[in-house]
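Participant: Sequence:
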Amino acid sequence: GLGHTGGTLDKLESIPGFNVNPSQDIVNKTVREAGLAVIGQGSDLAPADGRIYAVRDITATVDSIPLIVASILSKKLAEGLDGLVLDIKTGNGAFMCERNRARDLAANLIEVSKMAGLPCRALITDMNEPLAHSAGNALEIAEAIAFLKGGYRQPRLEEVILSVGAEMLLLGGLVKNVKTARFMLNGVIEMGLAAEQFARMVSMQGGPGDLLDHPDKYLQSAPVIRPLAAPHGGCIEFMDTRAIGLCIVELGGGRQSAEIKIDHRVGLSEFRLVGETLNKGDPLLVIHAADETSWQAAAEVLLNAIVIGRKKDTLPAVYETFQ
Numbered sequence: 001g002l003g004h005t006g007g008t009l010d011k012l013e014s015i016p017g018f019n020v021n022p023s024q025d026i027v028n029k030t031v032r033e034a035g036l037a038v039i040g041q042g043s044d045l046a047p048a049d050g051r052i053y054a055v056r057d058i059t060a061t062v063d064s065i066p067l068i069v070a071s072i073l074s075k076k077l078a079e080g081l082d083g084l085v086l087d088i089k090t091g092n093g094a095f096m097c098e099r100n101r102a103r104d105l106a107a108n109l110i111e112v113s114k115m116a117g118l119p120c121r122a123l124i125t126d127m128n129e130p131l132a133h134s135a136g137n138a139l140e141i142a143e144a145i146a147f148l149k150g151g152y153r154q155p156r157l158e159e160v161i162l163s164v165g166a167e168m169l170l171l172g173g174l175v176k177n178v179k180t181a182r183f184m185l186n187g188v189i190e191m192g193l194a195a196e197q198f199a200r201m202v203s204m205q206g207g208p209g210d211l212l213d214h215p216d217k218y219l220q221s222a223p224v225i226r227p228l229a230a231p232h233g234g235c236i237e238f239m240d241t242r243a244i245g246l247c248i249v250e251l252g253g254g255r256q257s258a259e260i261k262i263d264h265r266v267g268l269s270e271f272r273l274v275g276e277t278l279n280k281g282d283p284l285l286v287i288h289a290a291d292e293t294s295w296q297a298a299a300e301v302l303l304n305a306i307v308i309g310r311k312k313d314t315l316p317a318v319y320e321t322f323q
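Position 117, counted from 1, in the sequence shown is what my numbering calls 117; the numbers after and before it change by one each time, with no gaps.
Rather than coming from a laboratory, the hints here were simulated on the basis of the structure. The C-beta atom is built at its ideal place from N, Cα and C for all residues, glycine as well. Check each hint, because a few of them may be wrong.
Cross-link-like lysine-lysine pairs, in silico, DSS-like; alpha carbons within 27 Å at most [to be verified]:
#1 K76 x K29
#2 K89 x K311
#3 K280 x K311
#4 K89 x K114
#5 K75 x K89
#6 K114 x K29
Distance windows between CB atoms, simulated [stated by the list, open to error]:
#7 K176 x N28: 30 to 38 Å
#8 L77 x K261: 29 to 37 Å
#9 K217 x L193: 37 to 45 Å
#10 D282 x D49: 18 to 26 Å
#11 G275 x G50: 17 to 25 Å
#12 L77 x P283: 40 to 48 Å
#13 G50 x G206: 33 to 41 Å
#14 E300 x I260: 20 to 28 Å
#15 G206 x G309: 46 to 54 Å
#16 T314 x H232: 19 to 27 Å
#17 L36 x A243: 27 to 35 Å
Please construct the entire structure, taking both the sequences and the accompanying hints into account.
Facilitator: In structure tokens form, the structure reads like this:
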């Protein structure tokens, strides 16, 4: 996992049978037939990266922008890409908390990519509140499936997806402008083509072939699922996104050490957004916990992490795009 954010592979391992470390033959076949594969970084892909990171870890240089650029692009360039679109988070839940640091990282990534002959664009997106309607391994997979099948689309999540996707289509020369790109992206979602490709990838990497038809059959639910009530009325002024993520780790949804087994069932859902108005007793969110004690501990953390006041400011999902 990745600390308070969790790892993509951990989320996909909520799906029974899904193999994040398939053979090279399966990877090649999956990419050819499904158009994508989501896999772990094997020892033969940018092998120096892990050793360099270990050195950074003991020399207090984990947050060094030049070394972050080297780590990210070593893997991307090793993949032999034709183009690269990066989503760089900023805010209290991001690695780059300050916007100017995120902009500096974006500019450096694009400059080095161009020097290597790789066309690149980068979006600065907000992480001052949870991006999606839910957070937690199985919960996020369920939300992704609902999104792809034409169900609920959390507006901020949708904006980031369409913005990143539009830049990919523009970079690939498939469209001339953002408006056309977003129209095409909405089309493949609404026609079910995106869901079809995701289902094919899941099946080819060992997951159930009918996952998208019956997600509840495969994605486990937590034993204790109950809303957390707002202690008083007002507007949501602030969310400590890092604390919210660490709360999920404490629930068992992330790792505090390598040997810990993740509980894919736990997490949070039905987040209210910054700027939303609510009354006393309205649900702030829903806690999915393994037991009552865990639910109570999470509730205490979350009531401190979410500030309800009078200010009704909202946050943009996407701040700017670099190219």
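Participant: Which numbered conditions among the earlier hints are violated in the structure presented, ordered from lowest to highest?
Facilitator: 6, 9, 10, 11 and 13
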